[in-house]
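Could you put together the complete structure from these sequences and hints?
Going by this note's numbering, the first residue of the sequence shown is number 15, and it counts up by one from there.
For the record, the hints were derived by calculation from the structure and aren't laboratory data.
Computed from a predicted model, the values in this text were never measured in an experiment.
Among these hints, one or two may not hold up.
Said to hold, decoys possible - Within a straight-line C-alpha distance of at most 35 Å, the following computed DSBU-like cross-link-like pairs (lysine-lysine) qualify:
#	residue 1	residue 2
1	K178	K252
2	K175	K250
3	K221	K264
4	K178	K145
5	K291	K264
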Amino acid sequence: MAGWFKPDPIQPVLVGPKTNGLQSNTLFIDKPQIFKLTSIHHTALILSVLNSSIRLLLNRPQRSSPLIMGTEMVMVDEIPFPPQITTTKPLALLGHGITDIEIHFLQIKFTAIGVYVEPEIVGHLQQFKGKAGDVLGKDDLFYDSLISAPVEKFLRVVVIKEIKGSQYGVQLESAVRDRLAEVDKYEEEEEEALEKLIEFFQSKYFKKNSIITFHFPATSPTVEIGFTTEGKEEVKVKVENGNVAEMIQKWYLGGSRAVSPTTVASLASGLGALLSK
15 MAGWFKPDPI QPVLVGPKTN GLQSNTLFID KPQIFKLTSI HHTALILSVL NSSIRLLLNR
75 PQRSSPLIMG TEMVMVDEIP FPPQITTTKP LALLGHGITD IEIHFLQIKF TAIGVYVEPE
135 IVGHLQQFKG KAGDVLGKDD LFYDSLISAP VEKFLRVVVI KEIKGSQYGV QLESAVRDRL
195 AEVDKYEEEE EEALEKLIEF FQSKYFKKNS IITFHFPATS PTVEIGFTTE GKEEVKVKVE
255 NGNVAEMIQK WYLGGSRAVS PTTVASLASG LGALLSK
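Right, dumping it as structure tokens:
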């Protein structure tokens, strides 16, 4: 398991070179034995080896606690997610899940998702303090407050089933456009921003384990989207339209209408635990 240290077995240390035709007794430091030493010099040498071995054992790294942030990976459908990442500041993994679809009782999984947020977000959610995660998970007002909170958020989306980037781009554009139209915020500026998104994903191919990221800064209503896949450097695009950035958050974090019910349920559970402290 990642983060746990498994010490190598101690190898026997042999002491006792030939001296004046005599062979001193051989010392194995991993087993208690009775030795007959040929000289005071050999005694000193053996004591020196024993002291060095003890120091090595005392200085060996100890296995770390699985509760320590940044050491134990969180497995989401066999895909590892670090419990903490650092952008401009440390962000904690507060929720995770998958996107999937069921066809004739067969579950097809598309992506695994990790939601990273500043732990300080609890200060903006005090009205929900004391409520259990299952109660928060049914309250869309809770998710609206989460989305509007002026804290940094970061989404890490890992591909499980290969698809074309254009397919993902069209799905994202359609979901955001529909949400904008519902609140009468779909204007020329929003259309241009969505066209920029479609163009960004058009030429991409989402191999298994490719990663899409969404970075929502605390200080501006924008989103920076990144894409990386095996053998290629990460590419990014920045969307500076606040309405589009907000609806992307709502697509992933928007409660009952979010694209991943397991992710928002996990997020409610994680934040509920923090709010109960």
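The hints, checked one at a time:
With a C-alpha separation of about 21 Å, the suggested pair K178 and K252 falls inside the 35 Å cut-off, and the hint holds. Restraint check for K175 and K250: the C-alpha separation of about 22 Å stays at or below 35 Å, so the hint holds. Between K221 and K264, the direct Cα distance comes to roughly 25 Å. Compliance with the 35 Å bound is thereby established for this hinted pair. A threshold of 35 Å between alpha carbons decides the hint, and for K178 with K145 the separation of about 41 Å lies outside it, so the pair is violated.
About 27 Å separates the Cα atoms of K291 and K264, which keeps this hinted pair within 35 Å; it holds.
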